[in-house]
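There are 2 protein chains.
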Amino acid sequence: MIITVSRQFGSGGREVGKRLADELGLTYYDKELVTEIAEHTDLNEGYVNSVLENGGFHNYAFTFGRSMPFVSATPAPVTDVLVAQQKIIKAIAKKGNCLIVGRSADVILKDMHPFRIFVYADNASKIARCRARAPENEHFTDKQMLKQFKEIDGGRRKLHELLGIHRWGDRAGYDLMMNTTNIDIKSVIPALAEYIRNAMKQ
Amino acid sequence: MIITVSRQFGSGGREVGKRLADELGLTYYDKELVTEIAEHTDLNEGYVNSVLENGGFHNYAFTFGRSMPFVSATPAPVTDVLVAQQKIIKAIAKKGNCLIVGRSADVILKDMHPFRIFVYADNASKIARCRARAPENEHFTDKQMLKQFKEIDGGRRKLHELLGIHRWGDRAGYDLMMNTTNIDIKSVIPALAEYIRNAMKQ
Numbered sequence: 001m002i003i004t005v006s007r008q009f010g011s012g013g014r015e016v017g018k019r020l021a022d023e024l025g026l027t028y029y030d031k032e033l034v035t036e037i038a039e040h041t042d043l044n045e046g047y048v049n050s051v052l053e054n055g056g057f058h059n060y061a062f063t064f065g066r067s068m069p070f071v072s073a074t075p076a077p078v079t080d081v082l083v084a085q086q087k088i089i090k091a092i093a094k095k096g097n098c099l100i101v102g103r104s105a106d107v108i109l110k111d112m113h114p115f116r117i118f119v120y121a122d123n124a125s126k127i128a129r130c131r132a133r134a135p136e137n138e139h140f141t142d143k144q145m146l147k148q149f150k151e152i153d154g155g156r157r158k159l160h161e162l163l164g165i166h167r168w169g170d171r172a173g174y175d176l177m178m179n180t181t182n183i184d185i186k187s188v189i190p191a192l193a194e195y196i197r198n199a200m201k202q
Numbered sequence: 001m002i003i004t005v006s007r008q009f010g011s012g013g014r015e016v017g018k019r020l021a022d023e024l025g026l027t028y029y030d031k032e033l034v035t036e037i038a039e040h041t042d043l044n045e046g047y048v049n050s051v052l053e054n055g056g057f058h059n060y061a062f063t064f065g066r067s068m069p070f071v072s073a074t075p076a077p078v079t080d081v082l083v084a085q086q087k088i089i090k091a092i093a094k095k096g097n098c099l100i101v102g103r104s105a106d107v108i109l110k111d112m113h114p115f116r117i118f119v120y121a122d123n124a125s126k127i128a129r130c131r132a133r134a135p136e137n138e139h140f141t142d143k144q145m146l147k148q149f150k151e152i153d154g155g156r157r158k159l160h161e162l163l164g165i166h167r168w169g170d171r172a173g174y175d176l177m178m179n180t181t182n183i184d185i186k187s188v189i190p191a192l193a194e195y196i197r198n199a200m201k202q
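So the protein sequences, as listed, match chains A and B.
The first sequence stops at residue 202 when you use my numbering, and every number in between is there.
The second sequence stops at residue 202 when you use my numbering, and every number in between is there.
Keep in mind that a hint or two might mislead.
Claimed, not checked - Derived list of chain A stretches under chain B, where covered just means 3 residues or more per stretch with a C-beta under 8 Å from a C-beta of chain B:
no.	region
1	16–22
2	163–172
3	175–181
Stated by the list, open to error - The list that follows gives simulated cross-link-like pairs (lysine to any residue, SDA-like), each with its CA atoms no further than 25 Å apart:
no.	chain 1	residue 1	chain 2	residue 2
4	A	Lys110	B	Asn123
5	B	Lys201	A	Asn198
6	A	Lys158	B	Gly169
7	B	Lys31	B	His113
8	B	Lys87	B	Asp111
9	A	Lys186	B	Asn198
10	B	Lys95	B	Leu82
11	B	Lys110	A	Thr181
12	A	Lys94	A	Asn182
13	B	Lys186	A	Met200
14	B	Lys147	B	Arg157
15	B	Lys95	B	Arg19
16	A	Lys147	B	Asp170
17	B	Lys94	A	Asn182
18	B	Lys150	B	His139
19	A	Lys201	B	Arg129
20	B	Lys201	A	Thr181
21	A	Lys201	B	Lys18
It should be emphasised that the hints constitute simulated quantities derived from the structure, not laboratory data.
Even glycine gets a Cβ: it sits at the ideal position worked out from N, Cα and C.
Extracted from the complex, chain A is given alone in its bound form:
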């Protein structure tokens, strides 16, 4: 069983992924992939992360939800990172029973028919989630946050479109799209796991 979780920034996609992996006994990959790719390419983790998120062109003010500092990038090894990403994600998937959050795993693994989830939420809900997780000394206005959401998701969108057929967030590229606005993620995980188990039997 291979599951991929794509997500809007702030929608709780990582929480969905982590809890779902636990529920189904799958190995969970998120930042672990960045570390593996960095080791594989001898590049800085912050740089690898920025390439995988947005092609290496942006340095975000946002730190919450991401623990890796950004280090100034030279554009040259962008393709090295993307090639390493493909190799590593395919190698992980071959071992089976894994859940991968982000990193374009849905398109990289399309021939292996993963169950592809897209997690999203409305702006008010994403802002509330980010505020709840932000460090105490971080104070962004709603407007600043929305601008950053747009930039971060825009980076994901671009990279996805480089690799995939469908647009990022286009329902045609997913098996289930889950709106986390006003729901308690934890409470729906057992049912979500059961849905996927049955859907993948076909």
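With chain A's structure known, arrange chain B on it following the hints.
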């Protein structure tokens, strides 16, 4: 509990709705609404149906999945039908515990916060589903079927946009979007029901 099911033509949305209503003990509304509206407005059921599906402007060659013959329309009472639809759908929802397929119930009932599902599938899967349900003497090519899908869903889209904020099929307007390609609908219904029960607790 109020659930609305919007669906692409041929995606099995009606099957999802029927089975889900059974599983959750909800009253199911689909064609029943057309009958009620026709009685309320003294209009022909075929005409009411065509207004609710596409604004009354089209007469489809497709008959499968729809048992009501189309009768020539005068454009005048279109708004009568739409006003009656809103009244009847709101009255039904006030009684509670119902599941409504189509008929823009998701937008008409937005203030009552229904759980809004969108059901979709890829073209190959929709063609196969329609062929399996078609009368023996009906023979459409794939191309003819795809053209009709586009027209029927286009009608739903237009009517939805007349009433709603979000575009028809835009994830922002739904709580869960379900791709039925390659899944056995029946097998996922109990998990889907459980997901909704927990999501609606919030």
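Status of each hint after checking the structure:
Only residues whose C-beta sits within less than 8 Å of a C-beta in chain B count toward coverage, and the region 16–22 of chain A has 0 of them, not enough to reach three; the restraint is violated. A stretch counts as covered by a chain when three or more of its residues have a beta carbon under 8 Å from one of that chain; for the region 163–172 of chain A and chain B the count is 3, and the coverage holds. Counting residues of the region 175–181 of chain A whose beta carbon lies closer than 8 Å to any beta carbon of chain B gives 6, which meets the minimum of three for the stated coverage. Between the alpha carbons of lysine 110 (chain A) and asparagine 123 (chain B) the distance comes to roughly 18 Å, so the proposed pair stays at or under 25 Å and holds.
Between the alpha carbons of lysine 201 (chain B) and asparagine 198 (chain A) the distance comes to roughly 24 Å, so the proposed pair stays at or under 25 Å and holds. Distance check on the hinted pair: lysine 158 (chain A) and glycine 169 (chain B) sit about 22 Å apart at the alpha-carbon level, within 25 Å; holds. Of the pairs offered as hints, the one joining lysine 31 (chain B) and histidine 113 (chain B) holds, with about 23 Å between alpha carbons and a cut-off of 25 Å not exceeded. A hinted pair counts as satisfied when its Cα atoms are at most 25 Å apart, and lysine 87 (chain B) with aspartate 111 (chain B) qualifies at roughly 14 Å.
For a cut-off of 25 Å, the pair hint linking lysine 186 (chain A) to asparagine 198 (chain B) stands: about 9 Å separates their Cα positions. Simply put, lysine 95 (chain B) and leucine 82 (chain B) have alpha-carbon atoms about 20 Å apart, close enough for the 25 Å limit, and the pair holds. For the proposed pair lysine 110 (chain B) and threonine 181 (chain A), the alpha carbon gap of about 15 Å is at most 25 Å, so the pair holds. A threshold of 25 Å between alpha carbons decides the hint, and for lysine 94 (chain A) with asparagine 182 (chain A) the separation of about 36 Å lies outside it, so the pair is violated.
A hinted pair counts as satisfied when its Cα atoms are at most 25 Å apart, and lysine 186 (chain B) with methionine 200 (chain A) qualifies at roughly 13 Å. Distance hint between lysine 147 (chain B) and arginine 157 (chain B) is fulfilled; the C-alpha atoms sit about 15 Å from each other, no more than 25 Å. Straight-line distance between C-alpha atoms of lysine 95 (chain B) and arginine 19 (chain B) comes to about 20 Å, which keeps the hinted pair within the 25 Å bound. Proximity of lysine 147 (chain A) to aspartate 170 (chain B) is assessed by CA-CA distance (about 21 Å); at most 25 Å being required, the pair is judged to hold.
This hinted pair checks out: lysine 94 (chain B) and asparagine 182 (chain A) have alpha carbons roughly 22 Å apart, not beyond 25 Å. Taking the CA atoms of lysine 150 (chain B) and histidine 139 (chain B), the gap is about 18 Å. The hint holds against a cut of 25 Å. Proposed proximity of lysine 201 (chain A) and arginine 129 (chain B) is supported: the alpha carbons are some 19 Å apart, at most 25 Å. As the CA atoms of lysine 201 (chain B) and threonine 181 (chain A) are separated by approximately 13 Å, the hinted pair is consistent with the 25 Å bound.
A threshold of 25 Å between alpha carbons decides the hint, and for lysine 201 (chain A) with lysine 18 (chain B) the separation of about 22 Å falls inside it, so the pair holds.
Of the numbered hints given earlier, the model fails hints 1, 12; all others are met.
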